[in-house]
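Trainee: Sequence order for the protein chains is C, R, Z and U. Just so you know, we're using this note's numbering here: the first sequence kicks off at 1 and counts up by one. Just so you know, we're using this note's numbering here: the second sequence kicks off at 1 and counts up by one. Just so you know, we're using this note's numbering here: the third sequence kicks off at 1 and counts up by one. Just so you know, we're using this note's numbering here: the fourth sequence kicks off at 1 and counts up by one.
There's no promise every hint is true.
Stated by the list, open to error - Once the Cα atoms are required to be at most 25 Å apart in a straight line, the calculated PhoX-like pairs of lysine-lysine come out as:
id, chain 1, residue 1, chain 2, residue 2
1, U, Lys26, Z, Lys52
2, R, Lys48, U, Lys26
3, R, Lys27, R, Lys41
As the list claims (entries may be wrong) - Rough simulated footprint, nothing fancy, chain U against chain C, three-plus residues with beta-carbon under 8 Å:
id, stretch
4, 7-19
5, 68-77
Derived by calculation from the structure, the hints in this document are not laboratory data. Backbone N, C-alpha and C define an ideal beta-carbon position, used for all residues, glycine too.
4 protein chains.
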Amino acid sequence: MAEPGGVAGDQLRAFVERIERLEEEKKVIADDIKDVYAEAKGNGFDVKILRKVVSLRKKKPEEREEEDAVLDLYMHALGMIGAAPESNY
Amino acid sequence: MAEPGGVAGDQLRAFVERIERLEEEKKVIADDIKDVYAEAKGNGFDVKILRKVVSLRKKKPEEREEEDAVLDLYMHALGMIGAAPESNY
Amino acid sequence: MAEPGGVAGDQLRAFVERIERLEEEKKVIADDIKDVYAEAKGNGFDVKILRKVVSLRKKKPEEREEEDAVLDLYMHALGMIGAAPESNY
Amino acid sequence: MAEPGGVAGDQLRAFVERIERLEEEKKVIADDIKDVYAEAKGNGFDVKILRKVVSLRKKKPEEREEEDAVLDLYMHALGMIGAAPESNY
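Extracted from the complex, chain C is given alone in its bound form (with noise of 0.2 Å):
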């Protein structure tokens, strides 16, 4: 190819301009939910929690309440957290 030290510059350009357009996107759309964050806490809702909510989602319950259970297990095992367990499941 002609191109200055072998590198075909429209390819390499038109993958740099796709590349910065899908980043465009994907600010406004962190920014979208940075936006939805904000709202939800000017209705008095708990964005740390909000955000753990969201995480937890994800999960399958079974796995939340088995990671859950261990962690009582482990806390309690600490003296993290005063009362048995056992009576909880």
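Here the structure of chain C is known, so what remains is to put chains R, Z and U in place on it, guided by the hints.
Mentor: Okay, now just chains R, Z and U, sitting in the frame of chain C:
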């Protein structure tokens, strides 16, 4: 309100679902970006350098040149590059 | 100063070498942490939950309990957990 | 074992405390690194470029040069830098 625990469940659900939809859209775009890089790689481009180019294009040329000049200065002072840098500027 | 390009090479080198030594030390400790988790895993502990316990221990008990209470509230409002949460508090 | 819930509490506590000690040490070193950068800044060095130098020193000279050459090639192909790159290599 008649909501259990004082939380407006419908409103909370609406926020969570809006966030989940936006996160899904964001994931699709992130995957698209990965696909473009993979396609560029398939066309012989170096993905690591391509990422760097995309990142550098976000800076103004003057900013880039200034940073490069200082980097050159430091690298020469440390013996990381051999020739005198002055000749390039 | 007689330094090339006006950079105090010896001083720069001293800073870089101090940073590199510290980064090396930090890496050794990071590897030690990984080793302890691996050893815990080898003794039957769940590493993911162990990490969570270590993270939760950085918070005050009141803080943890408050966050848990709000999380429970939200999860109930969303139908993610079944029973009434009020009885636990 | 006689441990509540089948968890060896003493062993768990020992792991957690070892991890916490190591994390504390790691934090001290991370703070030391920040201090060195701050001191370098106080002596007129550009912290951002200094970080880049430290990062570049982890690569072999040949590797750095090769990456720079490809970067130059791409930037020329995209018109991000003006002159012909061939003369520099």
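Trainee: Need the status of pair U:Lys26, Z:Lys52: alpha-carbon distance at most 25 Å?
Mentor: holds, 18 Å
Trainee: Keeping to a limit of 25 Å between CA atoms, is the pair of R:Lys27 and R:Lys41 held or broken?
Mentor: Holds. R:Lys27 to R:Lys41 sits at ~21 Å (cutoff 25 Å).
Trainee: Can you confirm whether chain U covers the stretch 68-77 of chain C, using C-beta to C-beta distances below 8 Å and requiring at least three such residues?
Mentor: Since 4 is at least three, the answer is holds.
Trainee: Do three or more residues of the stretch 7-19 of chain C come closer than 8 Å to chain U, measuring C-beta to C-beta?
Mentor: holds (count 6)
Trainee: Would you check the hint for R:Lys48 and U:Lys26, treating anything up to 25 Å between C-alpha atoms as holding?
Mentor: violated, 30 Å
The earlier numbered hint that this structure contradicts is number 2, and it is the only one.
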